[in-house]
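Protein chains in written order, with the working numbering: chain Z, 1 to 373; chain C, 1 to 373; chain P, 1 to 373; chain S, 1 to 373.
Be a bit skeptical, because a hint or two may be false.
Which copy is meant is left open, because identical chains are indistinguishable; a pair holds if it fits in one copy or across any two.
Said to hold, decoys possible - Keeping only pairs whose Cα atoms sit at most 25 Å apart, straight-line, the calculated SDA-like set for lysine to any residue is:
1. 147 <-> 312
2. 121 <-> 347
3. 147 <-> 56
4. 147 <-> 323
5. 147 <-> 322
6. 272 <-> 301
7. 147 <-> 338
8. 121 <-> 150
FYI, nobody ran anything at the bench for these hints, they're computed from the structure.
4 protein chains.
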Amino acid sequence: MQGASLGYSRQRAGQTVRGNRHRGVPSTCVTGYACGLTKLHGIFTPLLVPQDERGQINEPELRRFVSWLIERGVHGLYPNGSTGEFTRLTAEERRRVVAVVADEARGRVPILAGAAEANVKETLAACEAYAGMGVRAVAIVAPFYYKLTPESVYAYFGEIARNSPIDLTLYNIPMFASPIDVPTIRRLAGEFPRVIGIKDSSGDLAFMMRMMAAVRPLRSDFAFLTGWEAVLAPMLMIGCDGGTNASSNVVPEITRRIFDLTVAGNHQEAMKWQFRILELFDAMLFPFEFPDGFRAGAELRGFHFGRGRQPQTSAQRADRTALTAVLQCILADFELVERPAAGCAPRIRQVETDKVEQVVFEVMRELEKRGVL
Amino acid sequence: MQGASLGYSRQRAGQTVRGNRHRGVPSTCVTGYACGLTKLHGIFTPLLVPQDERGQINEPELRRFVSWLIERGVHGLYPNGSTGEFTRLTAEERRRVVAVVADEARGRVPILAGAAEANVKETLAACEAYAGMGVRAVAIVAPFYYKLTPESVYAYFGEIARNSPIDLTLYNIPMFASPIDVPTIRRLAGEFPRVIGIKDSSGDLAFMMRMMAAVRPLRSDFAFLTGWEAVLAPMLMIGCDGGTNASSNVVPEITRRIFDLTVAGNHQEAMKWQFRILELFDAMLFPFEFPDGFRAGAELRGFHFGRGRQPQTSAQRADRTALTAVLQCILADFELVERPAAGCAPRIRQVETDKVEQVVFEVMRELEKRGVL
Amino acid sequence: MQGASLGYSRQRAGQTVRGNRHRGVPSTCVTGYACGLTKLHGIFTPLLVPQDERGQINEPELRRFVSWLIERGVHGLYPNGSTGEFTRLTAEERRRVVAVVADEARGRVPILAGAAEANVKETLAACEAYAGMGVRAVAIVAPFYYKLTPESVYAYFGEIARNSPIDLTLYNIPMFASPIDVPTIRRLAGEFPRVIGIKDSSGDLAFMMRMMAAVRPLRSDFAFLTGWEAVLAPMLMIGCDGGTNASSNVVPEITRRIFDLTVAGNHQEAMKWQFRILELFDAMLFPFEFPDGFRAGAELRGFHFGRGRQPQTSAQRADRTALTAVLQCILADFELVERPAAGCAPRIRQVETDKVEQVVFEVMRELEKRGVL
Amino acid sequence: MQGASLGYSRQRAGQTVRGNRHRGVPSTCVTGYACGLTKLHGIFTPLLVPQDERGQINEPELRRFVSWLIERGVHGLYPNGSTGEFTRLTAEERRRVVAVVADEARGRVPILAGAAEANVKETLAACEAYAGMGVRAVAIVAPFYYKLTPESVYAYFGEIARNSPIDLTLYNIPMFASPIDVPTIRRLAGEFPRVIGIKDSSGDLAFMMRMMAAVRPLRSDFAFLTGWEAVLAPMLMIGCDGGTNASSNVVPEITRRIFDLTVAGNHQEAMKWQFRILELFDAMLFPFEFPDGFRAGAELRGFHFGRGRQPQTSAQRADRTALTAVLQCILADFELVERPAAGCAPRIRQVETDKVEQVVFEVMRELEKRGVL
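All chains, please: the whole structure from these sequences, using the hints.
Structure below.
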């Protein structure tokens, strides 16, 4: 299950490894930044995990998916995120996913590996293992199930950061886990060089700005990534370094384009694509149980994800078919897939519908003007 | 209490008034847009209300404040908003506030008058009255106290829009009132020409984009205003038409500047000011009961607001003094007021503090590199 | 609008009035308890308000309703509560409702009058007016719209209690208004003899016990009333003094019976009725906008409430008809109204349905035992 | 890790095991109830887990604790609950905890084993294993981290119930996991004989009554247990079959007494103890991170729990010492432990304090009567 068993050699990632405690990074540095590694930036795909008929991880398909994503321009890969349903994998499976992804990526893009385990000791063991696989950093979600106070969130991340052999990013997802507040983020960023960034999935721009204002004066190397692509372009426009966005499993070309357009300062064009990705995101997020809508979207791009681990009723399976047809229509508008044979019903934003409604509206207004209404 | 009794003539607003049912707008048009009025845009100040020693509305000070704001560049005025504590005024006082503001503005800027009363009948009576005072439109907050379903929110606004003699804007403030969801907004925008915009105080950019995507294809005249200046610049960058922002009571120059910079496409400069207004906003919002922090801020600009209508304990009054000193320091950095004589403690974003912390951090990193730590 | 104009004389309430500041109670005492008035107890009906065709308060029907309730055993009346839609009445209408109710009650039962107005000054004026009408006490809901901190909630009630000429009860309804927490309740109870009780509509028994534990050692005269009849019997069983329950507008006989049974210590029988009132309460609460379901229920008892002040769509009016038929079936089971001519569909708790399901279940279990399944 | 390896023979639990698919129960029955097993009832302790110096499960102390609880009258044991921090144990540790507890209990009391694992397949494997250890039933918490719809919650439990070799109880804890709503509970109870009860930790009596009303007509064998001892006595008074209460780790005598008193119909006496346990529960719940306050309480009874797995800051450790002294004072009032040498500060409910405040209050009232105030 180690990188080595996959024929993977860490040297491929361009890093010389010496020492023993801090495996995966040279002993002469502790944080990646201090070692000349660049700040995290760009779109990291929180990888969906394909399964085979028996419900096991489908490794060949995972490899094919990883390479397809890299070819379509994602800047990095993020296995074991919420999109990767890390909580529904066993501890062994989580290790295996990272090993396979790291091996397939072969250093072409950096890897941010989700490393949260049952407790700090297990998490540190995962950090050790992932460091040995050459990942760029680990991502640790805030404690979940129990809702902890900021002091305990600090204690948790502090204990990990103090002992981790590898750089780590905080992962704030308040709808699922204990929130990480701004003072705690500043405290962690100020005390632990190992903490090199935060992924925030709240979608709250004011919160993102508060974090930036609190941390950037201390740490120019600290990365701010958004996990909520409903606001990807605005987040990049206000200064985020990138995103880890479930939609990049489905439309890696588009999330990349939004990133590139904002970097180039072309905000108007970025916003056009943002409105389109918002429609897609909403269609994958709300009518499905997360992340099944994203799985359905990625299946339309030609991958086999198999049945998810959360059981579905027959009613849900029927719904899924209908909802997937809607996704196909949206993706067809992007010219990324064919339209379904049965055609597409007009959607709210399509010109045809709007025209009818607008004509009706104009007629009403005209009639009003003339005093008929 | 009518405009006339204040020596105010509606003609000053450049409108010819004929007919009797639709007072305030020419009988040949129903919606302002159809009458050639421009779409609402820019920063509308949700006016704080000064009180005198006896707890009555301080009309001379209100007039002085209104003119000061207009001179500092606000695009419009919005009496009887949440910042204006409309729920703490009597029905008579709400009328009086609008009458005074309209009279003082003398058509220099358009007025958006909060017109929500105890029920639809009373609200329509207020709409009539405000139309007679020459306001540009009324703003109606979603039903509050009871939390209503979308169908009831639609029924409520529909009943008002069907009978209002004046254009109206919806006011969505889900932390205080029943939320107005996207389908309801689209439905109202599609059916009622009188509904010409929405003020949204959720601060949620994805929600704003969803509204725009749903309504703009139908109604190019529909205005989107944000009530959450924590994200004012980003909201303008994604296409909002303006804002109704409590902070514009305190720093009208700055909210205007942010608006102008985004209109000019100078997003980078706009964001610099956005970060600064965020610090001020947070300092006025969180440690005080709303809107007392904004009152404290506006007092520093030279106005007398008197005691608010929500009683305070002596502990709160002591806190207020200390918190106001912090506000004075922030405003002094804007070069809008003097620094307090007692000086200013360093704040989180100030260079001095940050430098110390950054030096500590750099030293730690250096020691790590050298293997000392 | 005063009691006198209704031909009402305060002497009817059996109280001699002297002095001038504290109208409505003898000048030799301040709190009702100190004057020999008994602690509030029993079921107080938060009165629905009938309206006529023109949308005005239907006073004759209100009088008929008041007397009907008294005859059916309610212990007291509570005009201007949430059920009475006090926020949808004008300030004048609220006064009128109390005047009519007080006049009609003629001292037969005590009155707890909702007196919350736009601000403390207006609220105190209402307290004065209601004291002059001979009500037993006023009820003041916590500040709403703005969500206040405990310190501000304390300041608000303290200011009122310090100046009120009449006893008052706190009204905690956290789903609609700022919550009143236990330390604040204790503080108010400990400092202000005028504060003689609390109505709590949270339905949270632990919270009720925490209040009792905090206040009872200080104030044996302090009344605890529950506004959530979903748990009326349990609340009485743990020591509440009574309730102000919307359902008592519809089934005053049953809420009285539950009260009497718990006072008599017959908890088992009380719980039987509790389960039945829970079914009715849920059927009036969830499918309707509050309080329209209770209005529909009371209409079935023979009163005309007219259209409510919150507009309804035609879809909502159609739903209301169907939902009212369900209410009629539930009330018919209580033998309080006739069954609808169209008959009643089986409800979840009815024996017929359950028997079928139970038979199916038993058969399945039997088949399992025999190894067939 | 199997029962056998602990020298435990399932026959001790008085069950003959035949067949192969349904290990742990005779092949001639599927549900425990059909096999003559009684309905779950009484207080099941959700066991805290002691750890040794190295952070490993302290098995000798766990055994000592189990026997101590049984001797003090708990009706059953519930390892791997939220109090047992099942999410902070590895999959192997969870198995080990149940094995040790089952072996130590030796059939003296029934065991309800928390069996939720990463996914359905792993959960079913745990069910198999626990069936082999002779536990009475398993408890499965609703899916957590992701918040699922009722349809998915149904699908999840349905898949488990369809395949489980052992009876199971649902575990509803909406503050930590996806809520299980009443229709879903009814659906599961109606379709799956294996589902024999629910543990509900919402503390909501209305919800409990709604569940009972929906399920009891179908399933007389279905058990309702409350996990919220703040309302233990009221829940028992309205008809709950028992509870799984963290406080029973600390005061097993008292939770047992409350159960016995309510069974005997002595509600008044039960409520006296309920008020006292509420004070203790609040003191263990709110100021600590759950379940550390309960661990602190159980340590005062003479057990060594070691450091928990959630790290603590030094500030938290200092707080813990002070808070534990308060717990000691409360437990001393129960005459279960000695008072701390440093003495006890008066608490809110203590007679001494109350007397002072009451005297002050009476004096104030007297002065008012005399017109001095």
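Hints versus structure:
{"no.": "1", "hint": "147 <-> 312", "result": "between (28 Å within a copy, 15 Å between copies)"}
{"no.": "2", "hint": "121 <-> 347", "result": "neither (50 Å within a copy, 37 Å between copies)"}
{"no.": "3", "hint": "147 <-> 56", "result": "between (32 Å within a copy, 24 Å between copies)"}
{"no.": "4", "hint": "147 <-> 323", "result": "between (34 Å within a copy, 20 Å between copies)"}
{"no.": "5", "hint": "147 <-> 322", "result": "between (37 Å within a copy, 23 Å between copies)"}
{"no.": "6", "hint": "272 <-> 301", "result": "within (22 Å within a copy, 41 Å between copies)"}
{"no.": "7", "hint": "147 <-> 338", "result": "neither (45 Å within a copy, 33 Å between copies)"}
{"no.": "8", "hint": "121 <-> 150", "result": "within (20 Å within a copy, 35 Å between copies)"}
When held up to the earlier numbered hints, the structure conflicts with 2, 7 and fits the remainder.
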